[in-house]
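Make the full structure from the sequences, and use the hints.
Protein sequence lines, in the order shown, are assigned to chains U and W.
In terms of the working numbering, the first sequence opens at residue 1 and continues consecutively.
In terms of the working numbering, the second sequence opens at residue 1 and continues consecutively.
Honestly, the hints are just simulated from the structure, not real lab data.
All values derive from a computational prediction rather than experimental measurement.
A virtual CB, placed ideally from N, CA and C, is assigned to each residue, including glycine.
Fair warning: there could be bad hints in the mix.
Claimed, not checked - Computed spacing ranges between beta-carbons, pair by pair:
no. : chain 1 : residue 1 : chain 2 : residue 2 : range
1   : W       : H64       : U       : L14       : 56 to 62 Å
2   : U       : E100      : W       : D95       : 25 to 31 Å
3   : W       : N55       : U       : E111      : 52 to 58 Å
4   : W       : G147      : U       : A125      : 58 to 64 Å
5   : U       : N126      : W       : K154      : 28 to 34 Å
6   : W       : R200      : U       : E72       : 32 to 38 Å
7   : W       : E88       : U       : T15       : 37 to 43 Å
One letter stands for each residue in the lines below.
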Amino acid sequence: METTPAMLLRKTKLTETSLIITWFTAAHGKIKTVAKGARAPKSRFAGSLDLFFDCEIDLVRSKKSELHILREVVVKNAHVGLRSEFDRVAAAAYFVELIELVTEPDHPAPELYDLLQRAFFHLSANAASKRALLHFEFELARLLGIQHPSATAAIALGRTYHHLPAARAGLLKRLL
Amino acid sequence: MLPLSGTDFPDSSPTLAAALARGLENHGVTVRTVQAEGGAFPAIETLRLDLTGANITRDLKLSHESAPASAEIRVANLSLIAAPLLLENTPVQFDLHATHATLALSRNSDGQILLTPTSVADGTLTVATARIDLERLAHSLISEAAGKQGIQIKETRLGFTQITARAVGFKAEISAKMFVMSAKIAVTGKLEIDDKLEARISNLGCTGEGMIASAANALLKPHFQRLEGRTFPLLAIRLGEISLRDFAIIAGETLQIRAHFGTA
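Set out below in structure tokens:
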């Protein structure tokens, strides 16, 4: 059993009662766990598995696959402020999609973990803004070592990873 | 108001039929047939317009008369049918029949001639469209609006429930995706139709699970407030002295509007 701080990136239905949860952890980078019984009415995970939650998780690592078993979740910060406006939620989801794009499973990236956590704290306390979005992209490109003075961070990320999330343009239009 | 082409009022049944066909085609509405037969003009025994296959979009704007009627045409049997026409690419069956109708000839501010019904002895109207076609239309319109916000609509399911003879409830269940977020939300409301054949939308609400539904609700609330209680004319023509005698909207796998009308 391992314990690690983790941010919840994605939830996917596995069966009628179980979920696959994608986490961004401080110790292992991006990992996937099965939350058995999470969709059942009286699940022990009830209320503790939602997007962008900052948690401490206990997991049993699988020796055969990249899908580990989630045992316990303690919510450390639900980022309530982040959930108060559609634009904040959309910006957080965009940051998560970028993190998913640039990371590999089971590959620690403590600087990126810190960047995403700071972004969530920012969106919990402040309205989403174009400035914040561009700042995140810049910091991400800088930490990845792909930022170039002659190009924007978005161009650098797009060139390196071959695309950016399609909904980025719509989000940028919404933000001031 | 039905637009007529040309600068002079028609002086015979054939010129009226030709002016009606060209007038509608000038507005992008393709007419399958126009028949104006029998009687001694300006009295006509039968005037029949068939708009089957016509494609009507929300861009169609029919103007209203700006000057009083200059002449009138009396039609013993008037019919306007489409089996179906396409409204925003959605098949709609349209069937209007009226007896002893009077149609005024007047002009709009641009001098274009218009034909406007002013009285009928007795008439019936049936408009019907399949729920599945409305569902497709709703999906297309919602996808267009959501796409501008970067939201991808995966699926839309539309259902109706009968509330009264003139009111139906509707529920649109929408599966949406934006970045890593997927959500199912349900938009509900009530559609009522009044004596002027105007639709009123009310009781708009949004429900769904979790944070995304709450965020969607907050996003949609100002739009709902703008729509709440607003009325939309169902017909592009003014009814004038013509009033509804009986009316029903029937919800099911086909959404149907049936009206019986006439001049008091």
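Structure-based check of all given hints:
1. Taking 56 to 62 Å as the suggested C-beta distance range, the pair H64(W) and L14(U) conforms, at roughly 60 Å.
2. Take E100(U) and D95(W): their Cβ atoms lie about 54 Å apart, and the range 25 to 31 Å is violated.
3. At roughly 56 Å, the beta-carbon separation of N55(W) and E111(U) lies within the given 52 to 58 Å, and the hint holds.
4. Remark: the range hint 58 to 64 Å for G147(W) to A125(U) is contradicted by a beta-carbon distance near 31 Å.
5. Taken as a hint, the range 28 to 34 Å holds for the pair N126(U) and K154(W), whose Cβ atoms sit roughly 31 Å apart.
6. Taking 32 to 38 Å as the suggested C-beta distance range, the pair R200(W) and E72(U) does not conform, at roughly 53 Å.
7. Taking the beta carbon of each, E88(W) and T15(U) are about 40 Å apart, inside 37 to 43 Å as hinted.
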